[in-house]
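A.B. asks: The primary structure of each chain is shown beneath.
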Amino acid sequence: MRTRLVPTLLFALGVLFLFFPILIVAPMSFSGDRFLGFPPKSWGLVWYEAYFSDPVWLAATWRSLRVATLAGLIATLSGTAGVVGLARLPRRWRAGVTGLLLAPAIVPNVIVALGVFVLALRFGSTDSEATLMLAHAAIGLPFVVMIVGAAYRQTDPTLEKAARVFGAGPLRAFWTATVPPLAPAILAAFIFAFFVSFDELVIALFLMGGSETLPVRIWNDLRFEINPTIAAISTFFVVVTALAMGLAETLRIRATRRQGNS
Amino acid sequence: MRFAHRLTLVPAVLLALAMFAVPVAFVFSEAVFTPEFSLAHFERFFSRAAYLSVYRNTLVVSAAVASICLAVGYPMALFIVGQPAGRRPLLLFLVLVPLWMSILVRTYAWMVVLGREGIVNGALQWLGLTDEPLTLMFTTGAVYVAMVQILLPIMVVTCYSAMTEIDPGLVRAARVCGASPFAAFRKVFLPLSLEGAVTGWSVIFILSMGFFIVPALVGGRRDVLLGNMIVNQVGQANWGFAGALAIVLLVSTIVLLGLVRLVAGRFLYSPREA
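First to last, the protein sequences are chains A and B.
Position one of the first sequence corresponds to residue 4 (our numbering), numbered consecutively onward.
Position one of the second sequence corresponds to residue 1082 (our numbering), numbered consecutively onward.
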C-alpha cells in the first residue's frame, strides 16, 4: 500500500493545533519563575502549592465539585426516568416532550442564565447553591436523555416482560431486567452531566454573587492578570477531566457495542 | 400500569420547565414588558449603528468559524475514515481529547501563547523574523484561532459519524463502473456525506452565536459579540434590553438555521427517506 505522506502530515498538523494550548500550559505550570515566560527559566511546584494553599481557590473548587456532583445526580436520575417515560408516550406527544428536554442544549447558556437570574431575583433565590444546582441539572439533562436514550433503544424489551411473566412487580422487573444493561450508559451520562456543570461559567457568574465557583474564580482572575496559578489548576483539571471523560467514553462505546452485537 | 410508566417523566419535565422553559419565556416577557409593554428595546437595538455592527459581527464570526471548521474538519474526518478500522478509534480519540478541556482553560492557553511575551512572539524573535513583538492578542485573528481550536473537534466527529454510515460498497460500485477515484468521491461519497457536513456547520454556528468567553478574553474592542453585550447589560442591571438582545440572538439563530436547512435540502440526498 502506498503511504500517503502528505495527508498524514496535514492530519498530524491538525491534531497538533488541537493539542497546542495544553502542550504549552502543562509545562508552564511547572515553572518556578515569578512571571509567565516560555520556556520557564526554572522548574518547581510553586504554582501547585499556591493553588492548594489558597483558601479562596479551594473554596471555589469545593463549591464547584459539590454543585456538579448534585447537578449531575439530579440530571442523571430524572433524565433516565424520563427516557423510560418517553418511550411509553403516545407518538404525537413524544416529539414535543423530547424537544423540551433536549432544547437546553441548543439555546445558548447566556439566555438560560439571564432567565434563571431574573426569575431568581423575583424569588430572592440568588446566591444559592440550590438554584445553581437545579439550573445546571436542566442544562445537563439533554446529554443524559441523548446518551441513556440511545442505549435504552437498544435494550431488549422482552427481558422486562419476561421478568413480569415470572412474577416480578413492575418496579422490580424494571430494576432487575432493564437497568443493569443500561448501567454503563447511565454512568457515562452522569460524568457528562457532571462536567457540563463543572465547566459552566455564565449561569454561575450571574447567579452567585460573592460565592464563586471555580470557573467564575478563573474568569474573574483572568480579566485582570494572567496568573500562572491558573496554569497549574488547568493542568490538574485537564488530567482529571481526561481520565474521567476517557472512562465515560469507553463505557458509552462498550455499552452500545455490546448491545449492538446481541 | 402504562400511566405509572408515564409518571416517570414528571421530574425531568418539571426540571426542564422550571429551570429552562419558564426562565426563557420570562426573558421574552421581560424584553417587551420592562418597564411597560413596548418594543422600545428592539427599536433601540436596531436603530444604533454600534449595536448593529455587533449584530453583524456575531453573524459574520459565527458563519466564518463554522466554515473554517468545515474546511479543516471535513478532510480530517475523511482521513480517519480512510484508515484501517483498527486504527480509527485511536485517531478519533486524539481529536476528541481537547474537547474535554474547559473552554476557559483553552482560552487561557491562547492568552499565554499569543501574548506579547508569549511563545509565538518568542519564536518569531528567536528566528529573527521580527525585532518587535507583534500584537497578536486582542485581535480578531486571535478570536478566530481560539474559537476554531475550541469547536473543531465537534466538526470532525459530526462529519466522521456521517461518513461511517456510508456504504463503502457504493463507492466501490462507482469505481467498478469506471469512475475515477475523484469522480467516485465527488459523485457518490461527497453528496452522501454532505448531510453530516451541514449538521456540523449548523451545530458550530449555533454554539458560536452564544460565545462570549473567547471574544472577551482574547478579542479587541471591536470583537464584541452579542453574548458579550448580554453579559455587559446584565452587569448594568438592564434586564429589558438584555432580554431583547437574547431574543434577537435566539431568533436569528433559528431563522438562519432554517434557511440553511432549506437551501441544503435542495442539494442533499436523504438516505433515510429514499
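Don't take every hint at face value.
[To be verified] To give an idea of the interface, some chain B residues facing chain A are shown, with a C-beta separation under 10 Å as derived from the structure:
id, residue
1, ALA1144
2, LEU1151
3, VAL1153
4, SER1183
5, ILE1184
6, TRP1191
7, VAL1257
8, CYS1258
9, ALA1260
10, VAL1269
11, PRO1272
12, ILE1287
13, VAL1315
14, ILE1328
No lab work stands behind these hints: they were computed from the structure.
All C-beta atoms, glycine included, are put in the ideal place defined by N, C-alpha and C.
A.B. asks: Next step is simple, just say for each hint if it's right about the structure.
C.D. replies: The hints, checked one at a time:
no., hint, verdict
1, ALA1144, "16 Å, violated"
2, LEU1151, "13 Å, violated"
3, VAL1153, "6 Å, holds"
4, SER1183, "5 Å, holds"
5, ILE1184, "7 Å, holds"
6, TRP1191, "6 Å, holds"
7, VAL1257, "20 Å, violated"
8, CYS1258, "23 Å, violated"
9, ALA1260, "20 Å, violated"
10, VAL1269, "20 Å, violated"
11, PRO1272, "22 Å, violated"
12, ILE1287, "6 Å, holds"
13, VAL1315, "6 Å, holds"
14, ILE1328, "9 Å, holds"
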